[in-house]
Structure formats: structure tokens, C-alpha cells
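2 protein chains.
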Amino acid sequence: MDNKIKIFDSTLRDGAQGEGISFSVTDKLKIVTALDNLGVAYIEAGNPGSNIKDLRFFQELKSIKLKNSKIVSFGSTRRKNISVEEDNNIASLLEAGTSAMAIFGKTWDFHVTDIIKTSLDENLRMIYDTILYLKEKGKEVIFDAEHFFDGYKANPKYALKTLDTAMAAGTDTIVLCDTNGGTFPDEIYEITKKICSSFNVEIGIHCHNDCGMAVANSIMAVKSGATHVQGTYIGIGERCGNANLSTIIPNLQLKMNLNCIPEDQIRNLSSTARYITEISNLQPQHNMPYVGKGAFAHKGGMHIDGVSKASSSFEHISPELVGNKRRFLMSEVSGKSTVLPLIKKVDKNISKNSPKAQKIIDKLKELEHMGYQYEGAEASFELVIRKQLGKYISPFKIDYFKTIGEHSIIGQDFTASSIIKVIVDGKEEITAEQGNGPVNALNKSLRKALEVFYPELKEVYLTDYKVRVLDAENATSAKVRVLIESTDGKESWTTVGVSTDIIEASLIALRDSIEYKLIK
Amino acid sequence: MDNKIKIFDSTLRDGAQGEGISFSVTDKLKIVTALDNLGVAYIEAGNPGSNIKDLRFFQELKSIKLKNSKIVSFGSTRRKNISVEEDNNIASLLEAGTSAMAIFGKTWDFHVTDIIKTSLDENLRMIYDTILYLKEKGKEVIFDAEHFFDGYKANPKYALKTLDTAMAAGTDTIVLCDTNGGTFPDEIYEITKKICSSFNVEIGIHCHNDCGMAVANSIMAVKSGATHVQGTYIGIGERCGNANLSTIIPNLQLKMNLNCIPEDQIRNLSSTARYITEISNLQPQHNMPYVGKGAFAHKGGMHIDGVSKASSSFEHISPELVGNKRRFLMSEVSGKSTVLPLIKKVDKNISKNSPKAQKIIDKLKELEHMGYQYEGAEASFELVIRKQLGKYISPFKIDYFKTIGEHSIIGQDFTASSIIKVIVDGKEEITAEQGNGPVNALNKSLRKALEVFYPELKEVYLTDYKVRVLDAENATSAKVRVLIESTDGKESWTTVGVSTDIIEASLIALRDSIEYKLIK
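Protein sequences appear in the order of chains B and G. For the first sequence, UniProt numbering begins at 1 and goes up steadily by one. For the second sequence, UniProt numbering begins at 1 and goes up steadily by one.
Treat the hints with care, since some could be wrong.
Treat identical chains as interchangeable: a pair holds within one or across any two.
Straight-line distance between alpha carbons at most 25 angstroms, and here's what the computed PhoX-like set of lysine-lysine pairs gives [claimed, not checked]:
{"#": "1", "residue 1": "K444", "residue 2": "K402"}
{"#": "2", "residue 1": "K53", "residue 2": "K359"}
{"#": "3", "residue 1": "K80", "residue 2": "K309"}
{"#": "4", "residue 1": "K193", "residue 2": "K255"}
{"#": "5", "residue 1": "K67", "residue 2": "K458"}
{"#": "6", "residue 1": "K117", "residue 2": "K352"}
{"#": "7", "residue 1": "K490", "residue 2": "K309"}
{"#": "8", "residue 1": "K153", "residue 2": "K223"}
{"#": "9", "residue 1": "K309", "residue 2": "K117"}
{"#": "10", "residue 1": "K255", "residue 2": "K223"}
{"#": "11", "residue 1": "K402", "residue 2": "K161"}
{"#": "12", "residue 1": "K223", "residue 2": "K4"}
{"#": "13", "residue 1": "K517", "residue 2": "K387"}
{"#": "14", "residue 1": "K325", "residue 2": "K4"}
{"#": "15", "residue 1": "K479", "residue 2": "K402"}
{"#": "16", "residue 1": "K352", "residue 2": "K80"}
{"#": "17", "residue 1": "K490", "residue 2": "K344"}
{"#": "18", "residue 1": "K345", "residue 2": "K359"}
{"#": "19", "residue 1": "K153", "residue 2": "K309"}
{"#": "20", "residue 1": "K517", "residue 2": "K448"}
Treat the hints as calculated values from the structure; they're not laboratory data. In this text, all values refer to a predicted model and were calculated from it rather than measured experimentally.
Using the sequences provided together with the hints, build the complete structure.
Here it is, written out as C-alpha cells:
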């Protein structure tokens, strides 16, 4: 063994089965890129047979070159009572064109007889035919032994026979799945150990979190010999989710010295988790092990005192290892060392203890308290620093704006209009525009007004617009945070605005976007 | 052994160390009552020595009679180099007046020498003196062996000596604490097993979730002989939180047949989790094992098909056991078999292949193509079914609406106003309202108009408002999907609206919310 564990990420397949998850093609491409940068071994990108959109996504992936990861398509063994050549899903898998394929098959007799309703023998033939066919096509086959632990406990003889069949057909990997998430770590350990000692093939593990033990179960499987670990990067998936890879990777790599991803990528674990959370449009889970914003947040007085004397007193690892940060929740000590590199980008001469640095930190705290968050909105952050240093005054002023949405009945025609007044060098410009909703109208009118003074703004357009409701329990009167990504074709930048009024929040982010372009 | 595990809840002590947690006295009383109703053995209610508010809370608790649980106060061993009688914290503990006390002491030599900075011998005396003193006062003493696993790994001889000392002083229970949350389940199992076989006293376990394995670690400790389990009910606590008792209790009681709480209380696990989440002012974590709203939510078509045939095919337990509910989530991936159970809720006589079912599926596809998504928006979905079956015509019509947002400059005062006209039974009602942004104004004006006809709407209020930008690459002219959660104090329901105009999308979701309330 070369001390290497193959990480198999299923965010785009099993993860997409999580409640509230709905990835666009752009989202999927972003996630593939992030996971490839991190260096996981496999990225399971979808189920081309069950979903036409997934099939199209695989076509798109063909033109993309990855640095580290292998793309995997997912599908079932052939349907009962037909030949593998006749099966549309298998045809779609081949059309997806990946070199590796994850094929799930039934191993629990109850599922064969009561759910897919066929004979135990036919199920074995389904496994055999499918794997053999794909091996003959030169594919790498990862056999997902669905419900293996439940199957093994119910009918060990039959469950083992399904694995024998997969072996006989030439599978490259056998993945033991705790599909219902009901298995306990000691059972996982013992059963996986038996399989590892009886089957001369790479053994993988696929756990679900229904008993809150998916991470531990994956770890115990590795301890018993598994070398391939499936999960989703932030733990999303059916019901209670899949095993969380952002926890498993550091557990394996930092605690058990088993390589999962390139060593220099470990420090990107936290930023990758935040990025994927953002793309998934989920509320970040601050207490997520290793990568959560609060994973190294100390509140108890004795804890803060202890960590100040020796961080290992109340931290199992250094947060920097995984690109995370220590925070003290009671005393306001945090921040400066993180912010400093960004300040130095604007003015190299500012030191950690200068009053100017303190002024920026204070402003930042005030803005964060208001709901701002600058992770992923560096353009707005740079503007804050420039303004605090007195190095920047906006060349334009938005003096007045009004939006009007007028509708007859729902679903019928409507118009949204916006009027805006800007002042540049003492000159006023008042414009109006109409659009799809008030934010779109506002964006158009603001640009129209400013392009009179700055024709270079014509090359700027928006590429992303995200809304997050803060304090959702206040419902429609809650604050919203708007993130806007802009590009001029050469560079992209992201800006942020916060307000209880979505229109004002959008306008703040739009204003920052234009200001940033004008600085460049 | 009587097959009984003593559950020790620390929501009000270690849980209060979680980020963003701040309990009022009323909150604390509610949580004590909820946990007592559930029947946990111990409720750790605070640290009277470190926090004067906690001390006052204990005074208040004296007048309250609990049915099942014992209240515990928490404190440290005496300070170094003073007598136990001189220690203010110990005096506060006695003042708190509980019959049981949890006393934490150092067991890791590094903490003794480098954090509290005293001699190893003095630390033993601190443990001995404190426990002996409290035992002489007739108290039940639970000794929290802080950092025991780290201590045992660093210096087993000294760590064991601290336990010997606690035993010699007469402790009733020894709790092995994985304070930093860095220990793995197999280590927990082996070390706890050794302690259980060497010490003739009740052994407990206290885990933190920094490696995502606190639940599994607690379970493994019980498997090795521990009979007392500490945690917090929904897993809140320092950093990544404490072991989650709402997961551990059903794991022990339903899977291992070990009694933790009265049998008839198991079905209250889910409602208690939601209640404590609400009191803690946290976003519910829908994928929380057993008790989360999504713990038994199925989205994949094959999963839904399987569960419809036999629930055990994709559920490790029946959701009803823990007072939870099965849900089928709508998605593009899921087919007819997903939708059918929901259709049958409205009309039992519709079969899978009837033209009516097909008509609903077609409508659903059309709506999904427009950007609708019904998972988690069951109320809107029920309205679609009712409308397609001709079983429902809205009793009110929104005939006109207009929103106006007027601002001077950013950050200054602004007003958002809304005018709306509704028609009910041929009668018109035109109202206007102002609010925080146009959506808030619209919500207020719509309610004002409809409450004239339906006074029962006064009890409905919104509890959540979510915005998702679809095809974000179209930026401000993209479609948005708005999800609104409403409640009338008895039931909650979620509705959805889609439009390129966020105001129209919100209005559609608001209209559905009101229509659903009026059906009920």
C-alpha cells in the first residue's frame, strides 16, 4: 500500500439529492473545478441515464481538461430481463463518455425480491452482464454494492455472492455502501475487514449520516483496510446527507497520515467548503468540523485563557493547517493578522499595529455587524480599505433613485421602471429605464447615467447575482445580502451590498462594482 | 446492569458556549422543563461560580419541582494553593444548592504544568480536597476528567492517578472527557474499556465534535461499558459542538435496546429538538439525524419508489418512532411515483395511470421548466394539484398591484410603498402600506386587504423568506425563486413563487400561503 486513499466526491450526484439543492450547469462546472483544484481522485458528476440534463453536462465536460481528478458517471446495473445492449441507461452511460463509471447493484436479497421484484439469480446476471460489458468497452468500473451492510446482516451468503459476481466480471473497485445509514462503526469495521481480507480488489466505503456516524463509519472502514472513500464535500445528500469529505480528508491526512489530496492543498479545505456552500446556496454551517467558521471559535473564558497560553490546550489541530482561523468570541482580538495582507496590497507601508490598520479593522467590524461579509467580495473589501485610508473618493454620487413596479394581475404584463440621478464633477444626469423587475431596471438606468461620463463602463457586464436572506426568521423585513459578480471581459470582480431593502442592497453592490472598475 | 444509560444534558452549560447562543432566564426554564418532560437523568444548568446570572438561575430553580431529572451545577476543583473552604467558586456551588454537582479537574499533565501552572501533586490534592469536601456535605459528585483521552495518551500513569484520587475521595461517577474532540472511536473504545475494567464506579463519557465523530465516540464508549453519557440536546457547544443527544438517545434506545428515557417519550424526540432549536434562536438543521425535518425526506426517484413499496428499503427506522415524518421531495429527477402519494392525499381514487395523474405531471413539468421547485414547498404543490383536479378556485383575486421604492441617497431614509387591489365575491378592496423594502410593503398591504374578508388571516405570520437566483449568469434579469414559510401558531407551511421580478415572485408565494391557510 502506498499510503494513499482515493477520495471520491459525489456532491454533483448524491449531493444533488439533498433537500433544496438544485445545481445549474455553471454551478456544476464551478464545483468540478474546485474539486479538481483540491485534487480529489474522482468526481462523480451525475446520472446520465436518469436525467437528460446530466447527460448534456457530461457532453460539456468532454471539452474540459482536469488537472487531478477523474470524472465518473453513475448508473445502475442493466434492467431485469433485457440484454445489457438493449438498456437505455447503459447506452446513456457510454454516451457520457467518461473513462470511469460507478455502477450500483443490489446486494440485499430483500431489495431484489421486494423492490426491483426479480429473482436472486437474475440480479446476479444483471451485475455480471453490466460490469463485463463495460469492462469490454475498456472502462474502469467502480461497483457500488448498494445496501451491502444491511444485505450482509440479512443474508451474508447472497451478499457475498453479489461481490463474487462483480469480481468475476472484472470490477476494478468494490464499494461497500451503507445506503440507509443505519450501521454502527463497530459493525462497519468488522464487516469491511472480512471483505478486505477475502477480496483481492480495491475496497471502498460509502456512508450515510442517518445515525450521525457517517464520518466515523468511513474512518473505521479505512482502519479495516478500505482505500477508497466516497462522500460529498460538505456532507449534503439524501435524508441526513452523505459522509462529509471536508471532515474525512483532514481526519485521514492529518491524524492518520494517509494521503488523500496533495499536501499543499490541505490549507484550501476551508475555502473550498465555503465556496461549495455558497454555490449550493446553503446557509454555512459554522460548527462544521475543521472548515466551519466556528470550528476554532472559543467562547469560554478558561478556554480563551488556555489557547492564549498554548493553542493545543483547547484545539486538536492548528486552524491554519486547514486554512481556517482561530476566533475568540468574547474578547474582540481577532481579525488583524488576516486583514493585514489585504491592507498591504493597497499600501505596503502599513504595519500591524499602526492606527490606520486599527481604523480599518474597526470599520470592518462595524460592517460585519451590519451583515456584510467580504469572503468572496474582495472588490468591495478593497474599496473599504481605500476609503478608510483616504485614498479614494468616489468620482460619482448617486443622489436620488426611485423604482416603480406596476402590474396588472400576476403572470400578465408588468413593467418595472427606475429613475436615477447621478452627479459627476458637479454635473447632473437623470435617466430612466425599464426592465425585468426593479433591480434590473435600476442597473440599466445607473449604467445609462454613468456611461455619459465613463464610456469604458460599456464593456462591463454582470455575470452573477446572488441573494442571501440574513436573519430569515424576520421573513420579508429581514436584511438581505446581495453579491454581484462583474466582468469587463478581462477580469472578474465581486461586490457586496446589505440592506433590509433588496433594491438598496443591489444598488450598493452595483455602485461598488462600477467604482472598482473605475479604479482599475 | 439494569440496561439503563444515564443521559446528562449540558445544553445550558456547555451548550451556552456555542457561537451565537445566549439564553435568557425564561429560555433556560423552558429548556429545563422540556428536558425534564423528555426524562433525561441529569440537567446541567450552569456554572454558578463563574457566572452570577447562573447562580441566580439556580436560586430560581429551587422552587421548581421536576418530574424526572436531577439538576446539576458545574464547577472546577478548588484553586491551587488555597483550602477548599476558602474557594469562592466552591462556595457558589454550595449556594446553588443542587444535590448533584459536576466537578471538572485536570488529568493531562501538560494542562497542570503549562495552563494552570501548578505541580502535579497539588493538582491531585485539588481533586481530592474538592470531592471529599462535597461528599462530606452529602452531595452526589460527578467527576469530569477533563482532557482525559489526551492526558492518557500523553502520560497514562498520571492520568490514571487523577482518577484514583477522585475514587479515593469518594466520587460517585467518573466522566472521561474528550475535551478537544480530537480522539478517534477506536481509541475511545479501548481506553474507556480499560477504565471500566479497572474502576469500580459508574463511568461516563463526554465528547466534542471537532473530528465529526462525537456521536460515534459516545456510542463506542457505551459499547465498552460507559453507562453515563454527556452531551447537548441539539449538539450545540464550544467550537464544533458537543455530542448530539437527540442522535445518541435513539441510537442507544432504538438500536442497542438500552433505556435512556421513558419509552413513551421517544416519540417526542423530534418536537423537543425543534422546540430547543427555536428557543436557542438557531436555524433548524434539516438534515439532523432522526429529528431533522429532512431526516426522512426522499428525493431520488428510485428511493421514492422503494419507500412506497416498503419503507425499510431506504429508511433505517420508521420516522413515526421518533415523532418525525416521511416526506417525498419534488425534483426534476423524480417521476410519477414521487408525485402519486401527494396526489392521493387530495384524492384517494386517482391511480398512477389515470389521465388526471398525467395532467398533473404535465403541469408540474411545465412549472418546473419555468423554474418552480416544489421540494419543501408542499403547500404550493397541494394547490397545484387541487387546481388541476378542478377542486379549487381561489376565493380572492389580486387585480392590481404597484410597488414604489423612493430613496434619496444610499444609507439615508427610504420608503417603500405598495398599493394593492383585491376582489372577493365581487367586492373590491384597495389598500396601501409602507415597509422595509417593497416586498415587506407588499406583504403588509395584501394582508390588510384580505383581512377585511378573512379575519382568521390575522393569526398567520411569516417565519422564513428565502431567495434563490436561477440562472445567475443572467445576473439582474435572471429569474428568482422565492420560498416563504408561514405559520398560524399550530402548523407551518411553505409556498413558492417564480418570476424575473422578485416582487412578483414574492407575491405569488404570499398568495399561495394565504390560499393554503384558507383551505385548511
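Hints violated by the structure (numbers, ascending): 5, 7, 11, 14
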